[in-house]
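These protein sequence lines are chains A and B, in that order. For the first sequence, UniProt numbering gives the first residue as 1, with consecutive numbering after it. For the second sequence, UniProt numbering gives the first residue as 1, with consecutive numbering after it.
By construction, these hints were calculated from the structure, which means they are not laboratory data. Some hints could be false.
[What the hints assert, rightly or not] Simulated DEER-style distance windows between Cβ atoms:
#1 129(A) x 27(B): 50 to 60 Å
#2 62(B) x 326(A): 25 to 35 Å
#3 81(B) x 281(A): 57 to 67 Å
#4 281(A) x 44(B): 47 to 57 Å
#5 41(B) x 58(A): 53 to 63 Å
Backbone N, C-alpha and C fix where the C-beta goes; we use that ideal spot for every residue, glycine too.
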Amino acid sequence: MARAELMDFDKALELFEPVMGFEVHVELNTKTKMFSEAPNVFGAEPNTGLTPLCLGLPGTLPVVNEQAVRYSISLGLALGCSIAESSSFARKNYFYPDTPKNYQISQFDEPIAFEGSVQIELADGTLIDIPVERAHMEEDAGKLTHVGGSSGRIQGADYSLVDYNRAGVPLVEIVTKPIYGGEHRSPEIAKAYVSAIRDIVVSLGISDAKMERGNLRCDANVSLRPRVAEGVETPPLGTRTETKNVNSLRSVERAVRYEIQRQAAILAKGGSITQETRHWHEDTGETSAGRPKSDADDYRYFPEPDLLPVVPSAELIAELRAALPEQPAVRRRRLKAEWGFTDLEFQDIQNSGLLTEVSETVAAGATPAAARKWWTGEIARLANAADADAASLISAADVAALAVLVEAGTLTDRLARQVLEGVIAGEGTPQQVVDARGLAVVSDDGALIAAIDEALAAQPDVLEKIRDGKVQAAGAVIGAVMKAMKGQADAARVRELVLERASA
Amino acid sequence: MSGISAEQVAHLAQLARIDLSPEEILSLTTELDQIVDSVAKVTAVATPDVPATSHPIPLQNVFRPDVVGETLTLEQALQNAPAHDGSRFKVSAILGEEQ
């Protein structure tokens, strides 16, 4: 549906109540896969480091990765869930070349964790509890590249290429209960929820949680139901759509907003919503119809005969519970106090979903003020321009390195912005960009004095004016020196040197 | 009487990508019906104190340490592929969706 056909968001909210639900897939950063000793690494050459099990070859048998179970239990506990006394795996049967066995090992009626809740914080400080239905363990699928047809999309592709490196990577799928009462804030709640899950898995250290790499993926369910007069029986939930693989915080917010506006436009015209999966297009900011949810969802789950039940002992659960990091709300309060930020400054970080980035940048050696300034300032601006999440542009370590270079006086803010652009463009670490582009501040007084001498020769009356008390006359010399140095000089130092010369 | 219908058999065959003739559907409907009936007899003897089980062996918590083991080379991984591009398996474009 084109943007022009969407219903105005406020109007949609006037007529309908949105109800949301989320499925967030978290890839665990274990050393090996869920059921085989193949390495779990990102970015390796396709189909290298596979085991016969990854390829679904005959005669292979899965064995559960103990670390993945521990991580899953920790995540379940952090989500406030109960941990199952006995948990088992099930086969989810479907035919698609991303899964060579023709079934995915998942969990069905006995998930490892169930009935929890995640507290999220909105921009204005409102706290909301999002109810979690379950968190279950499963394995990721391989990656398909569609060749031919239009731009790698499945429609019209001539053939597909499969890389099984990702097949079998441990996943935890977190499923919420229906979320009511979000109203106008539904898109914001969606973003805050995914951001909260990301903060939790990062603080647990169980996932790299990079959305742009698919370590964290969100499927957003949205339905609308008409508002009725008071006293009239509440209508049942409307038909929902599931928007798949929304892979940035920004997109989660936009996709939910889009679906509310799209469904409202259809319903208001007397149409009905098709229960289907929809695809989110980052470039156009629209969703398009995928497959209908009918018998494609007939997965014929049955207990996985090749695996035995997982029965976590009370001791194990107690051990993992004791090792949990502080609660997100407690962590927020602590960081705010440690960093010495005002409410407004802290909310700025929180609302941009950059708490994890800022905290990692501080841990990597930047001052809190510098970390905040770079992430919520220049990096957020560049991310916005590129329609991307700030976190996908640059690593916390690089931002910290940049901040340290500024702190040490090697870079001015202006030069640092150029270095930042270089780092984002993939030219290397900040130091490598400084070296390659020759961007460092000229801190050699000799070079500065030479440039000052040259500028004074061109403007001989400046020193006299300064001696007469017209200190602002130094500006002309400073300007000339900065120009000669192509901006790579510390203006304050130049000023000092000029004033020293005048008083000599 | 479990009441397996020919439609259910046809539907299952389609989900399992098994091409069945109308005759096969008919005979399988009868057979499956009998199998399901036989299995249903178990419920007659199962009492509430018998827990449901999916495994005959009383084992649980069989784990593997998170340690990388032996892996295949790219050549080995691709050696049985009907088609590949040198590094990835080549499959016909399937009109379906990723799950």
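Structure-based check of each hint:
1. 129(A) x 27(B): 50 to 60 Å: holds, 56 Å
2. 62(B) x 326(A): 25 to 35 Å: holds, 34 Å
3. 81(B) x 281(A): 57 to 67 Å: Between residue 81(B) and residue 281(A), where Cβ atoms are some 32 Å apart, the hint is violated.
4. 281(A) x 44(B): 47 to 57 Å: holds, 55 Å
5. 41(B) x 58(A): 53 to 63 Å: violated, 34 Å
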